[in-house]
Amino acid sequence: MNTTDLIMSMGSVGFMLSMFFMGLLISYYGSSKTRTVGFVFLIMGAALAFAISPDPGLNYFADTSFMNGMLAFVGGMIGGIIGIVVFLVAIIKS
Amino acid sequence: MDMSTDNLDIIQFFVSMLIVGIGVALLATGMFTAYFGAGKSQKIGFALLFFGIITIVLVYLMTKGGVNAIPNQFDETMFMNALISGVSALSGMIIGMFLILFVLMKVDTVDDLEDLDLEDLEDLDLDEELKKLEEELNQADDDEEKENNGNDKPEDEE
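For the protein sequence lines, the chains are A and B, in the order given.
Residue 78 in the working numbering sits at position 78 of the first sequence, and the numbers go up by one each step.
Quick note: to get the working numbering, add 1000 to the position in the second sequence (first position is 1).
Take these hints with a grain of salt, some might be off.
Unchecked claim - In silico contact screen, one side only, chain B against chain A (beta carbon under 8 Å); selected entries:
1) Phe1013
2) Phe1014
3) Val1015
4) Val1057
5) Asn1068
6) Thr1077
7) Met1097
For the record, the hints were derived by calculation from the structure and aren't laboratory data.
Keep in mind it's a predicted model, so treat the numbers as computed, not measured.
All C-beta atoms in this analysis are idealised placements derived from N, C-alpha and C, irrespective of residue type, glycine included.
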């Protein structure tokens, strides 16, 4: 997988995550008008997740590099959370 | 798809980005606290900033070959792929968030203002409405007094 493929696939994953989870939140907690928009986001996120999910038919995303990219993303997020926790502990304990 | 965990790439990608994530978070929070904090918290901010810089410099040196502390974990090509993956996913999330906020702002503000019937508000005479309310309140008070008097009478007769 070359760099462009990696950028495209991981960018789609990030876009899908925000669409899906924000859609879930808005459709649950939103008012009558925003709830409709929330459902649209939710459907868009689910459709993207279905397209991205590792399917042997879609070689673009079904690659070891894609899995490694996901691990890198999750690792980066967990690292960021650990860093913020260290910051909070340092401030609270001071 | 190769999901086997004996592939060393998986550990390389995860561990390297974990350390980068910690470094970036320490750097950002350190900068923030060192600038806006005062006294003790400012010192903590400088300490966090220092550790963040140290972490990122170490990662850079290990990747570029200056320091061979964990040689298997920081292969330059794989590290760059991991970094590109993380940054791309984060960018995708930010774009998605912006899109959602944009749509929500458009839906909430424009539609609500269109729904408001301003002509009804212009026709309202506030003085008349106040008088009506006062009359209703006075009537309600009178009714209560009459009811109280009616209840007191039988007791007096006894």
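| request: Identify whether the interface hint at valine 1057(B) stands, where standing means a beta carbon of chain A within less than 8 Å of its own. | output: Since the shortest Cβ distance to chain A is 16 Å, the answer is violated.
| Per-residue hint verdict: asparagine 1068(B), partner chain A, C-beta under 8 Å | Result: violated, 21 Å to nearest chain A Cβ.
| query | Hint check: is the beta carbon of threonine 1077(B) less than 8 Å from a beta carbon of chain A? | reply | It is violated, given that the least Cβ distance between threonine 1077(B) and chain A is near 11 Å, above 8 Å.
| task | May I ask you to test the interface hint for valine 1015(B) with respect to chain A, counting a Cβ-Cβ separation under 8 Å as satisfied? | result | holds, 7 Å
| Is the hint on methionine 1097(B) kept, meaning its closest Cβ partner in chain A is under 8 Å away? | holds, 5 Å
| Hint check: 8 Å Cβ-Cβ cutoff, phenylalanine 1014(B) to chain A | holds, 4 Å
| message | The hint names phenylalanine 1013(B) as touching chain A; please verify it with the least Cβ-Cβ distance against 8 Å. | response | Because about 4 Å separates phenylalanine 1013(B) from the closest Cβ in chain A, which is inside the 8 Å limit, the hint holds.
Violation of the numbered hints given earlier is confined to hints 4, 5, 6; the remaining hints are satisfied by the structure.
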